[in-house]
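*Asks:* Next come the chains, spelled out residue by residue.
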Amino acid sequence: MGKTIRKNLFALNLFLAFAVVVCITPQAFAGGKVYKMGLSLAITGPTSDAGNPYSKGVEDYFNYVNDTKLLGDDKIECMIRDDQYQTAVTKRNFEDFLDQGIVFYLNYSTGSTLGLKRDFEEVQIPVLPASFHAGNVEDSHYIFLPIASYSEQVVSLSEYVVNNHKGDKPKVAMFIHPSAFGRGPVGDVEKSIAAGLNMEIVEVVEHGKDLDNTAMLQRLMSKNVQYVICQTIQSPVATMIKDAARLGISANAFGESGKITFLGAHYTGGNDLIDLAGDASENFFWITSYTITSEPGPGTDFQLSLAKKYGRDDKAANSHNYANGIMVAQVATEVVRRAKEKGLDISKKTLHDELNAMNGDNAYQPPTTVGPVTYSSTDRAGVDSLQIYAVKEGVFRKVGEPITSQYMKKIK
Amino acid sequence: MKIIRFFLTKCSGDRYIAMSYFFQIVISGVVVGSIYALAALGLVLVYKSSRVANFAHGQIIAAGAFITYALTVWASIPVYISFVLSMLITFCLAWSVERIFLRRLIGEPIISVIMVTIGLASILDGLIYLTPFGTENFSFPSFFPQEPIMVGGVSISWTQLVGVIITFILIGGFSWFFKKSTVGISMRAVSDDQFASMSVGISVPGVFGLAWATAGLSAAAAGCIIGNITGLNFDTLHSFGIVVFPVVILGGLDSILGAVVAGIIMGLIQQFAGGYIDGNWGLNGTGEVLPYIILLIILLIKPHGLFGIHEIERV
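So the protein lines, in turn, are chains B and U.
Okay, so the first sequence: first residue is 1 according to the UniProt record's numbering, each after it adds one.
Okay, so the second sequence: first residue is 1 according to the UniProt record's numbering, each after it adds one.
Think of the hints as simulated: they come from the structure by calculation, not from any bench.
Check the hints yourself; a few may be wrong.
[Claimed, not checked] To give an idea of the chain B side of the interface with chain U (calculated C-beta under 7 Å), a few residues:
(1) A238
(2) D314
(3) K315
(4) T378
[Stated by the list, open to error] Coverage of chain U stretches by chain B, computed from C-beta distances (three or more under 8 Å per stretch; other residues unrestricted):
(5) 47-59
(6) 147-158
(7) 182-193
Glycine included, each C-beta is placed from N, C-alpha and C at the ideal position.
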């Protein structure tokens with residue numbers, strides 16, 4: 001009797017041990033590893049019009065990587081959490097991700113990237129934020145901008161103005177967000193002017209929650225301003241260009257005499273601007289490093305097919321922020337793939353090393369950008385090429401070929 | 001407009017430009033101020049009857065704009081009908097909010113009620129984030145002529161003009177309602193003394209419900225007008241619930257006339273600062289700061305606002 005009980009207990013223990021092994025380590029049987037990553041961003045709250053499609057891009061691309069076995073049997077598990085644009089919540093999310101063993105982190109806002117910079121240094125984790133603020137990479141070894149910084153975007157727009165303006169020195173006003181995000185590029189434009197860029201900044205306007213920009217626009221007209229370069233988000237730009245259209249001072253073509261041509265950096269444009277401003281967005285010039293679906297190509301075909309595969313609506317599918325999310329996920333996947341290919345363990349350090357080695361022949365060309373991603377220990381802005389688009393008949397159209405800033409090299 | 005035309009015909013050359021610039025700023029100030037007043041009206045209505053500052057007002061403004069858009073674009077209802085329907089829907093919505101969340105707080109400390117409105121703002125935020133309006137941008141289809149109305153170099157858009165007209169119709173209507181109608185007088189009585197009002201047979205809960213409902217109605221109107229100007233972005237729209245707080249404080253928390261006067265003062269200060277001060281002498285952003293400085297100065301002289309009631313409590 002006693003022997004039978006012992007036998008039964010032994011069998012039960014064996015079964016339990018087997019069950020534990022099967023439940024806890026399915027990957028061991030599948031032969032694959034799971035690499036954990038984290039993304040904290042504003043899926044709701046301020047700027048969620050950008051954050052929401054961005055999160056969908058990240059989520060869909062990592063699902064695509066796992067579903068199509070881009071990393072063989074290995075998988076990427078990216079935890080995505082809403083921080084409602086609150087740095088305190090971002091920090092909490094990040095710390096929780098660390099506890100769960102992430103090897104790569106995707107951040108979002110300028111404020112939280114600057115706020116967590118020391119934390120990133122301390123834990124030595126590679127970070128790709130959605131913010132392109134040049135200050136993010138200062139005194140940091142672990143933050144990598146996906147594309148050219150806001151400074152580079154705004155200086156490139158300034159160079160475009162100078163190169164295409166007819167007549168005397170162009171008079172420019174800057175319309176900026178009242179924060180580090182908005183103010184950052186102003187200094188670099190001023191340095192470019194000091195370095196020989198032939199234009200005059202007549203005024204720098206920090207906007208508020210304006211219902212009517214008539215006074216400001218008339219003031220700019222009285223000072224013969226010909227171009228307004230915007231570094232902010234879409235909503236205040238939409239209100240301003242609607243007012244300009246009402247006052248009849250919007251240029252119908254670039255540089256039209258006696259009128260104002262409006263231009264803007266990455267987060268001022270895209271379909272969201274057209275949605276907000278309607279017809280007033282016509283002839284708005286916008287710069288970014290992303291391909292957009294109104295100018296179809298292999299990159300946008302991939303973007304649309306991905307959105308279709310994972311059941312996204314048209315608005316998300318055609319958003320440049322969705323492309324932005326796909327792109328950062330692509331870069332994160334690519335460094336894992338490269339490290340794996342070299343037989344390295346996937347860790348924060350190896351992924352950081354792979355990012356730093358992403359240059360020259362090792363540059364990475366994601367389909368969703370207009371140029372290759374290049375990083376090194378001294379260059380942590382990914383895509384240097386920028387494409388200017390302008391709204392024509394209700395959609396953004398390419399203006400010329402991709403450009404890179406000449407003056408940013410001079411003032412660095 | 002006749003005054004503007006008269007003045008402008010007396011001017012010529014640079015003086016004409018300077019005068020049209022001046023009048024343009026005046027018109028813009030009045031327009032912006034009127035819209036502030038309309039957005040502030042809901043706050044005043046709730047405060048006037050229940051002494052509560054409603055921190056969920058911005059969310060109701062946004063909801064009104066989104067309901068109008070959904071009815072117009074998704075249900076293909078003509079915009080004018082959608083506008084009226086959205087006011088009726090927010091009327092019912094705000095009444096329901098009061099009935100469900102706030103009715104049971106009658107008699108409780110005011111701070112408790114205010115905290116509930118803050119919680120309510122979070123709940124409404126969450127509900128709106130469940131819809132596409134929470135994270136996507138939209139704009140109303142054009143239903144007014146695109147060409148602005150021009151008078152001697154001064155322009156005003158149809159949206160702005162209609163906004164001002166609606167503001168004054170609603171404010172005129174509410175002023176009459178509070179002064180002349182039995183229900184309006186009951187609301188003022190409840191505001192003065194809930195227990196005394198109950199003792200003469202006024203239904204205090206009914207008055208509170210009506211105050212919230214009418215505030216919802218005016219918020220929808222404000223939301224539609226602001227949404228038409230800025231585009232439909234949730235962050236932008238609900239922030240106006242807070243942006244107009246200085247207007248309400250300056251006018252006197254319980255004064256409809258005060259909201260109008262303070263709104264226009266704020267609008268004019270912003271526009272004049274933007275037109276004449278910003279960009280000169282190294283100054284910038286004064287249009288954002290100056291209204292608050294003037295608000296502080298006026299409150300030092302008149303602590304209850306321009307038209308607020310100075311209550312004397314005898315014990």
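*Asks:* Checking C-beta pairs, does the region 182-193 of chain U have three or more residues closer than 8 Å to chain B?
*Replies:* violated (count 0)
*Asks:* Verify the interface restraint on T378/B: the C-beta must sit less than 7 Å from at least one C-beta of chain U.
*Replies:* violated (35 Å)
*Asks:* Report holds or violated for the interface hint on A238/B, using the least CB-CB distance to chain U and a cut-off of 7 Å.
*Replies:* holds (5 Å)
*Asks:* Go check the region 147-158 of chain U versus chain B for me, would you? Three or more residues, Cβ under 8 Å, otherwise it fails.
*Replies:* holds (count 3)
*Asks:* Checking hints one by one. Is D314/B an interface residue toward chain U, by the C-beta closer than 7 Å rule?
*Replies:* violated (11 Å)
*Asks:* Next item in the hint list is K315/B. Is there a CB on chain U closer than 7 Å to its CB?
*Replies:* holds (6 Å)
*Asks:* Count the residues of the region 47-59 of chain U whose CB lies closer than 8 Å to any CB of chain B, then report whether that count reaches three.
*Replies:* violated (count 0)
Going through the hint list in order, the structure does not satisfy hints 2, 4, 5, 7.
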